[in-house]
Amino acid sequence: MNHPAATATHDHTTRYTCPMHPEVTSDQPGRCPECGMFLVDADAAPATHQHGHGRQNGHAQQHDTHDAADKGTWLCPMHPEVTSDHPGRCPKCGMFLQPADGGDAPAAQHHDHQHPTGEPAVVAGAVAAGDWTCPMHPEVRSDGPGDCPICGMALERVSAGLDDGPNQELVDMRRRFRVAAVLSVPLVAMVMVPMLLGRALPGSIAPWLELALSTPVVWWAGWPFFVRGAKSVVSRHLNMFTLVSLGVGAAWLYSVVAVLAPGLFPSGMRAMDGRVGTYFEAAAVIITLVLLGQVLELRARDQTSGAIRALLDLSPATAHRIGADGTETDVPAAELQLGDRCRVRPGEKVPADGTVVDGHAYADESMITGEPVPVDKSPGDRVIGGTIIQGGSLVVEATGLGADSTLARIVDLVSQAQRSRAPIQGLVDKISAVFVPVVIAVALATFGLWLAIGPQPRLPFAIVAAVSVLIIACPCALGLATPMSIMVGVGRGASEGVLVKNAEALERLQKVDTLVVDKTGTLTQGRPSLVDQQGVDGHEDARTLLLAAAVEAGSEHPLARAVVDAARQTGRTVPAASDFAAHPGGGVSATVDGQHVLVGSPAFLGSQHVDTHALDAVVEAYRRRGATAIVVAVDGSPASVLAIADPLKPTTAGAIEDLRRRGMKVVMLTGDNATTARAIADELHIDQVVADVLPDQKHGHVQALQAQGHTVVMAGDGVNDAPALAVADVGVAMGTGTDVAIESADVTLLGGDLAALVKARDLSVDTMRNIRQNLVFAFVYNVVGIPLAAGALYPAFGWLLSPVIAAAAMALSSVSVITNSLRLRRHR
1 MNHPAATATH DHTTRYTCPM HPEVTSDQPG RCPECGMFLV DADAAPATHQ
51 HGHGRQNGHA QQHDTHDAAD KGTWLCPMHP EVTSDHPGRC PKCGMFLQPA
101 DGGDAPAAQH HDHQHPTGEP AVVAGAVAAG DWTCPMHPEV RSDGPGDCPI
151 CGMALERVSA GLDDGPNQEL VDMRRRFRVA AVLSVPLVAM VMVPMLLGRA
201 LPGSIAPWLE LALSTPVVWW AGWPFFVRGA KSVVSRHLNM FTLVSLGVGA
251 AWLYSVVAVL APGLFPSGMR AMDGRVGTYF EAAAVIITLV LLGQVLELRA
301 RDQTSGAIRA LLDLSPATAH RIGADGTETD VPAAELQLGD RCRVRPGEKV
351 PADGTVVDGH AYADESMITG EPVPVDKSPG DRVIGGTIIQ GGSLVVEATG
401 LGADSTLARI VDLVSQAQRS RAPIQGLVDK ISAVFVPVVI AVALATFGLW
451 LAIGPQPRLP FAIVAAVSVL IIACPCALGL ATPMSIMVGV GRGASEGVLV
501 KNAEALERLQ KVDTLVVDKT GTLTQGRPSL VDQQGVDGHE DARTLLLAAA
551 VEAGSEHPLA RAVVDAARQT GRTVPAASDF AAHPGGGVSA TVDGQHVLVG
601 SPAFLGSQHV DTHALDAVVE AYRRRGATAI VVAVDGSPAS VLAIADPLKP
651 TTAGAIEDLR RRGMKVVMLT GDNATTARAI ADELHIDQVV ADVLPDQKHG
701 HVQALQAQGH TVVMAGDGVN DAPALAVADV GVAMGTGTDV AIESADVTLL
751 GGDLAALVKA RDLSVDTMRN IRQNLVFAFV YNVVGIPLAA GALYPAFGWL
801 LSPVIAAAAM ALSSVSVITN SLRLRRHR
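Mind the numbering: the sequence shown is residues 1 to 828 in full-length UniProt numbering, read in order.
Just so you know, not all the hints are guaranteed correct.
Computed spacing ranges between beta-carbons, pair by pair [claimed, not checked]:
1) E743 x G594: 50 to 58 Å
2) A796 x Q456: 15 to 23 Å
3) Q608 x P650: 52 to 60 Å
4) V171 x V357: 46 to 54 Å
5) A614 x G594: 19 to 27 Å
6) V780 x V331: 56 to 64 Å
7) A230 x P186: 25 to 33 Å
8) T329 x P575: 41 to 49 Å
Below 30 Å or equal to it, Euclidean Cα-Cα: the simulated DSS-like pairs (lysine-lysine) are [unchecked claim]:
9) K231 x K430
10) K665 x K511
11) K430 x K349
To be clear, the hints were calculated from the coordinates, so they are not data collected in a lab.
These figures come from a predicted structure and were not determined experimentally.
Quick reminder that beta carbons are idealized off the backbone N, C-alpha and C, glycines included.
Sequences and hints are given; from them, build the entire structure.
Here it is as structure tokens:
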């Protein structure tokens, strides 16, 4: 049946209808009178809403969402079936609607910084600089400070900045706490002094003085809690502020009535002087303790951004820019352009990501990678902005500035990871969704029970018990248990050179039982080098190496680079070569100082009529050691055998052993030949080797391990590792590897060192243990506290929990969770 107020006229082109109640129509946009949902264009209304239910299947939902996007409508991020043609609140969950096309909110909304209702807006799409979010509900976005429409917590910046200034919410809460504390002390004294001295203030003065002192505490200092509590009722997201506002409001209003109209109460509730007992001091102290909890919580959340601020603080303010004429000018680092060259002197910070074009020095990259050993830098090497140069001076050409710099990307990744939600949070959310309504029901039942069968005077006892239940059961500790640990853990990992992209990866990492590793660039340094040389028939090794380097100087093969680098390190001049010729898949040849020189595999030299059979034993021995054997021939005779290998990283062996001690099976997956792979596996005591793997086969091997029931972490650094990194339960990329590998991974080890994977695994274990401890704290307080507050001990011992004690216990539960979470900052 059409609602009379919502009946459409037929002479209008555009009709609006309710997506949940299609029979409701109107010629004007607005809300459905049946359910309160925003009306939508009838032509764009989903056809699958039948019988008042949502979309019938996933395909219909996807189709309708695209239709909504085409029409420029707004959707609820939690309930996609809720649509509107203008911004507003979702009638189901109270969250603000976001643009259906995934874009930003209209420009006018950003200019106004608030929704028409005065509430923070939820906007979709990429997070822009200055955006604000809820620490417990990262899907909430606002372009200004405010309160979360779901939990009522103060929003905070998505990413900390050096110019943020003091936390205004913390400043405000601290000011309110100080005022509340100053006014609450005399209130408590007025209650305690008569008990200690047996003397009280005159009955005509005391209640009015208590009313005067408590009113600013409750209604000024505690006003934010009442506002958040009211919002929670409107949005139907009951939270801790619902309980605080109900409990404190009930205690204060009861006391006001007792002072202004004591005649309304029966004589049994009055004292000898005719007064009715009041709870002004309880209401004021509860507000004071909740404010104290908020101050401690905000301070702790502020500290979780310490790792980000430390990273931001690495950026130097100025740079010594070198002009085209060679002159140096000090300019703000923010003014550098791509391609600018700047000088970095000893002890100074590199102003931008870049490439060394001149000089030699060491870079302290410990703040970025977590590795304390300075890294040697020479022309051609990459340097990271913010790292400190030691023992020399460099000229650096800027290649990464602003948002494209390593530092900016790290800050962005850490910020996003701190706001992400671990799977365990889903369980907490389900509990929280029913917890507050259950607590309110328990409080009402407690009130009714005391009022029905409690001792006289029953009404005060009933109010005290109900208020105590409401206050002690505040779920703030439960809500903080997971986000606080994630924020601290991710920040700690960043300071150790471990970038975790999301909380889900951090949780999964503790469960992995199999490590799959690429060889080149992961276990090894990824840079082949000359590791041994054996001369033949009296040829001088140094001279033969120079001849080989002269020929290899014309080749781009990685093995050729290793020969040339080894020759240059001797300090002798590499002679020039002529008549250079490359033989793909075999080797190279040239004339050096009048001698014909061949460098290549034994098979290649054999094809050039050079007899290498006498070297077979030497070549095979090198191969068993994991090295590639190259033969050098001079004027048709073998002169030397060069062993070239990709050396293991210094920490690889220790890292593999540490991971195996933690119960992880290690599998090496490599495209190298089986002999070389087996040699490295034997040296590292790796459990399983899969060699001669083509790039497109790696992810298949990972999937095979998963099919066997293993939880797999894959570590790699190359483009060919990206599919395997993406399909693994946890993908770990070396920070020294390719961008596509880093983008495909869940965790990035900035130093490119497997030792950091041990840190990441330990961090995951410690963080999840910390979360479980927090949840135990939160549940124990509530499981024990609620029965005590309801008066479970009164029949046996005559004990009834005071609302003040309940407030102290509630604050202590939050402090316990916060303090326990902050212990992760000391993780090693």
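Results for each hint:
no.: 1; hint: E743 x G594: 50 to 58 Å; in the structure: holds (52 Å)
no.: 2; hint: A796 x Q456: 15 to 23 Å; in the structure: holds (19 Å)
no.: 3; hint: Q608 x P650: 52 to 60 Å; in the structure: violated (39 Å)
no.: 4; hint: V171 x V357: 46 to 54 Å; in the structure: holds (47 Å)
no.: 5; hint: A614 x G594: 19 to 27 Å; in the structure: holds (26 Å)
no.: 6; hint: V780 x V331: 56 to 64 Å; in the structure: holds (58 Å)
no.: 7; hint: A230 x P186: 25 to 33 Å; in the structure: holds (30 Å)
no.: 8; hint: T329 x P575: 41 to 49 Å; in the structure: holds (43 Å)
no.: 9; hint: K231 x K430; in the structure: holds (20 Å)
no.: 10; hint: K665 x K511; in the structure: holds (13 Å)
no.: 11; hint: K430 x K349; in the structure: violated (48 Å)
Of the numbered hints given earlier, the model fails hints 3 and 11; all others are met.
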